[in-house]
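Which chain is which? The protein sequence lines are A and B, in order. Under UniProt numbering, the first residue of the first sequence is numbered 1, with each subsequent residue one higher. Under UniProt numbering, the first residue of the second sequence is numbered 1, with each subsequent residue one higher.
These are computed hints drawn from the structure, not numbers from a lab. Because the structure is a prediction, the values reported are computed rather than measured. Mixed in with the good hints there might be a few duds.
As the list claims (entries may be wrong) - The calculated label-pair distances, taken between Cβ atoms and stated as ranges, are:
hint: 1; chain 1: B; residue 1: Q232; chain 2: A; residue 2: P188; range: 32 to 38 Å
hint: 2; chain 1: A; residue 1: R352; chain 2: B; residue 2: A2; range: 33 to 39 Å
hint: 3; chain 1: B; residue 1: S72; chain 2: A; residue 2: P188; range: 53 to 59 Å
hint: 4; chain 1: B; residue 1: F192; chain 2: A; residue 2: D413; range: 31 to 37 Å
hint: 5; chain 1: A; residue 1: E294; chain 2: B; residue 2: Q105; range: 49 to 55 Å
hint: 6; chain 1: A; residue 1: A430; chain 2: B; residue 2: G190; range: 25 to 31 Å
hint: 7; chain 1: B; residue 1: D230; chain 2: A; residue 2: A287; range: 47 to 53 Å
Said to hold, decoys possible - Chain B residues, not near chain A, derived (Cβ > 12 Å throughout):
hint: 8; residue: R4
hint: 9; residue: A90
hint: 10; residue: T101
hint: 11; residue: Q105
hint: 12; residue: V133
hint: 13; residue: F192
The beta-carbon is built from N, C-alpha and C at its ideal position, and this holds for glycine as well.
What follows is the residue order along each chain.
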Amino acid sequence: MSAIFAVTTYALAQSYLLSQRERAVLRQAYLDANYVRGRLESAGADVPAILTAMAPTSGSALVVHWRDRWFSSSLDVGRSSIPRSLRDVVADGRPASIRTRIDGVPAIVIGVPLPSVQASYYEVAPLRELQENLRTLGVVLTGGALVAALAGAGLGVYASRSVVRPLNDVAGAAAQIAGGRLDTRLPPTRDPELATIVGSFNSMVDTLHQRIERDARLAADVSHELRSPLTTLVASVEVLDKRRDELSPRSQRALDLVIEELDRFRRLLDNLLELARVGAGLAPEAAEPMSLWELLEHTLARSGQTTAVLSGARDVQVTGDKLRLERVFANLIDNAERHGGGLAAVTIVGERDRALVLVDDDGPGVPISERERIFDRFATGRTARGSSSGTGLGLALVSETVAAHGGAVWCADRPGRGGRFVVSLPRADARPDGATTAGGET
Amino acid sequence: MATRLLVVEDDDRIRSVLRLALEDEGYQVSEATSGEAALRQFRTKPVDMMIVDLMLGEVDGFTCIRDIRKVSDIPIIIISARADTHDIVAGLEAGADDYVTKPFQIKEVTARLRALRRRARTPGDPEVPPDIVLDSTRQLVLSPSRGTLLRDGQDVHLTLTEFRLLSELANPPGRVQSRRALLESVWEHGFFGDERIVDVHIRRLRTKIEQDPGAPRLIVTVRGLGYRLDPQ
């Protein structure tokens, strides 16, 4: 913008100044021509004397062509300085002016015919001073244009940043909140326009946070209410179990059913509460690094499985909440048992910056059309044992917990037969050199 | 002789089933339905161990534990509704040794109780390490064989668990022990044990044996690794 401005200014100034000069020179030339004609009309005219007497101003040279002789007021300028084209026009009887360069100096040459005395009068006005003025103007304008351009750029960047930065802040805050950091707020701003956005945003997040906390508290209160009767049931059934020899076989069978259902109920409650917590976006509090192998070993033991099914990389570390991750794999193992015809294998694969756990079963596998849906709450699939004994929440909890840990879970194809669930978690010990440690099939 | 156990629980049914199950395990069980009742009973009929539910009515579980701790070092297990609240830490800081969460299985409770009983002092055991001077300026002497910690000849009251923890750190002194390792050796918790139990007990030990608990010099935290005992 400023470049255009500068150039335009220069061009306009240049043409204005030049035309001003030209007009002035023209006026002067006519006056001088008049004077010269008057002197020439009188007898005994001495042209050199006339020219000297005229004392030309500002370096102009006066040239007279009379009776085929050329006279000049200046030693440097003479007939040869007058361009031929001008001479011809003036000789034709028409006054004219032309811009030319004389010895490298730009100049205006005015030609005025004096027919009454058969003479032509020329004035050569150099534009050197004008040229220098114009050059100074040019330099000043260029400098000014540069400064203006830089200042403009600086202002522009500053202005745009001060508009863009708050918007970036809003976007960033929204992303943080979506990621679970519900205590994120925008800082107060002095800008009155942005203040509205900031205010609305913050109050929206406040409301959201309150509702989420209310829901989580409701879940917590319900849980507390349920836990007490459940405690009595679980403990009483244990006492009964110790005395099962005192029971008849039918009573023993009934007791077994109660034990199973109670176990399922307890798991349902745990899953539900966990889901409420994780779903509320509450970040895992107790995140620590741990050996994935150890975690799976202990989880298998707790779930009553043999650790012989575990294979793969032993040196992979992940960061997370031990108990929550235990629940993830316990639920997957449980799912393999209930719907997959039995747990077949658990394999750890270490990639550069993530760890994979493959949980394989001997069941029919999950049809491709179901592979997204099964992670929804209360979605139950057909089971291998003809009864839907899953809680319907197990896989939903797996999905949400794993996501809260920065990982993912999905169904994959297992080579051969059976189904496969894959859990991916970020490694706590990511390898920069790209080495992959895999103990089993990938 | 059967271990005497006091169960402080205001939910009638939970209390009943605990009595049933623990008597099966050979404990001599007495009951209290509130913190105040528990204190009153304790004064007249002392017991060897206690189980206290944090969610008591009038006098809450914390107060009950703190009051008991003023007069006794016996093992206390707390029952809590959830593991991830601050209640657990508060209960441990008030003086409890371990915790279980509802709904618990009886075998969990009995396992905890067994581990606590194993910390009982065993005088005359030849395997026990010799006495060790922890701080010569204050004459702080730990005697695993006698089961005492003396400061200038006076007995410093430690709970069984605190004593066991200190003995573990002193065996040998100057060696860093991870929280995981301490959790296993003192509390016999497995992989999924709650390491906060160790942290709270270290804090409690520090208040009892450090000259300045805020700037501990005897029991030093080694960031990322664990704790270390540095005799002065």
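Hint check results:
For Q232/B and P188/A, the hinted distance range of 32 to 38 Å is not satisfied, since their beta carbons lie about 52 Å from each other. Checked against the given bound of 33 to 39 Å, the beta carbons of R352/A and A2/B, roughly 59 Å apart, lie outside it. Checked against the hint of 53 to 59 Å, the pair S72/B and P188/A passes, with Cβ atoms roughly 54 Å apart. F192/B and D413/A have their C-beta atoms about 33 Å apart, which keeps the hinted 31 to 37 Å range intact.
Under the hint 49 to 55 Å, the C-beta atoms of E294/A and Q105/B, about 23 Å apart, miss the expected range. Our hint of 25 to 31 Å for A430/A and G190/B holds, since their Cβ atoms are close to 28 Å apart. For the pair D230/B and A287/A, the beta carbons lie near 30 Å from each other, so the given range of 47 to 53 Å is not met. A cut-off of 12 Å between C-beta atoms confirms that R4/B is not in contact with chain A; the least separation is 21 Å.
Every Cβ of chain A is farther than 12 Å from the Cβ of A90/B; the closest lies at roughly 16 Å, confirming the non-interface assignment. Its closest Cβ contact with chain A, about 8 Å, brings T101/B to no more than 12 Å, contrary to its assignment away from the interface. Not every Cβ of chain A is farther than 12 Å from the Cβ of Q105/B; the closest lies at roughly 6 Å, contradicting the non-interface assignment. Remark: the non-interface label on V133/B is consistent with the geometry, its nearest Cβ contact in chain A lying 35 Å away (cut-off 12 Å).
Listed as a non-interface residue, F192/B fails to keep its Cβ farther than 12 Å from every Cβ of chain A; the least gap is roughly 6 Å.
Checked against the numbered hints given earlier, this structure breaks hints 1, 2, 5, 7, 10, 11, 13; the rest are met.
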